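*Asks:* Chains as they are written, first to last, in this note's numbering: chain C, 1 to 117; chain X, 1001 to 1112.
Rather than coming from a laboratory, the hints here were simulated on the basis of the structure.
Any given hint might turn out to be false.
DEER-style ranges, computed between Cβ atoms [what the hints assert, rightly or not]: (1) C:S59 <-> X:E1016: 42 to 50 Å; (2) C:T80 <-> X:N1059: 38 to 46 Å; (3) X:K1052 <-> C:E56: 22 to 30 Å.
Source: prediction; values computed, not measured.
Glycine included, every Cβ here is placed at the ideal spot set by N, Cα and C.
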Amino acid sequence: ETGVTQTPRHLVMGMTNKKSLKCEQHLGHNAMYWYKQSAKKPLELMFVYNFKEQTENNSVPSRFSPECPNSSHLFLHLHTLQPEDSALYLCASSQGSTSGGSTDTQYFGPGTRLTVL
Amino acid sequence: GNSVTQMEGPVTLSEEAFLTINCTYTATGYPSLFWYVQYPGEGLQLLLKATKADDKGSNKGFEATYRKETTSFHLEKGSVQVSDSAVYFCALSNRGSYIPTFGRGTSLIVHP
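Make a model of the complete structure from these sequences and hints.
*Replies:* Below is the structure:
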């Protein structure tokens, strides 16, 4: 496989469930990102990891818990979610801080469509 | 801080019409500028980029020129196709940062 893959593509969960989203990149990148995309709202950066270290947490509620075990894998652990958390969750990767930064292209996965009942 | 402003959508055009999607930005220094496209059911993908003033990015018939004097990076295409229907995102990255700032996105609908 190439590029950035995300599983599952669709997820329906109850408010009391615990689930995890998985992202894998095959591009040799050092930085990985979680975004939330809701209808009628701007793309929302949630978390950033660079060389497996979390460098950004944009005031995300603690019911979302990221994990980056290595530079190729990124997880988003979900528990006690609310219906307003229903959205498309996008993972992305880029070269990260060693590349000189500002010309980095982000490579996105296809997203996980999450519905919280 | 950084910000990117895009025109409100949706933009609705007939096939073969000329497309312009406006994008202006606020940033310190000399950012790199990007256009990403999101087709239905997919993630975003890079369409084109420009890394310094007066650079022109181009891809698949789309073009955008980095205008520092007007802090703009407008996307243009001379003749759109139905397959260009998608959401287009303008973005910037400042020097020293690999984390981009995205605009809100502009939906383009092209009718046959």
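*Asks:* Confirm or reject each hint.
*Replies:* Status of the hints after comparison with the structure:
| no. | hint | verdict |
| --- | --- | --- |
| 1 | C:S59 <-> X:E1016: 42 to 50 Å | holds, 45 Å |
| 2 | C:T80 <-> X:N1059: 38 to 46 Å | holds, 43 Å |
| 3 | X:K1052 <-> C:E56: 22 to 30 Å | holds, 26 Å |
Comparing the model with each numbered hint stated earlier shows that all of them hold.
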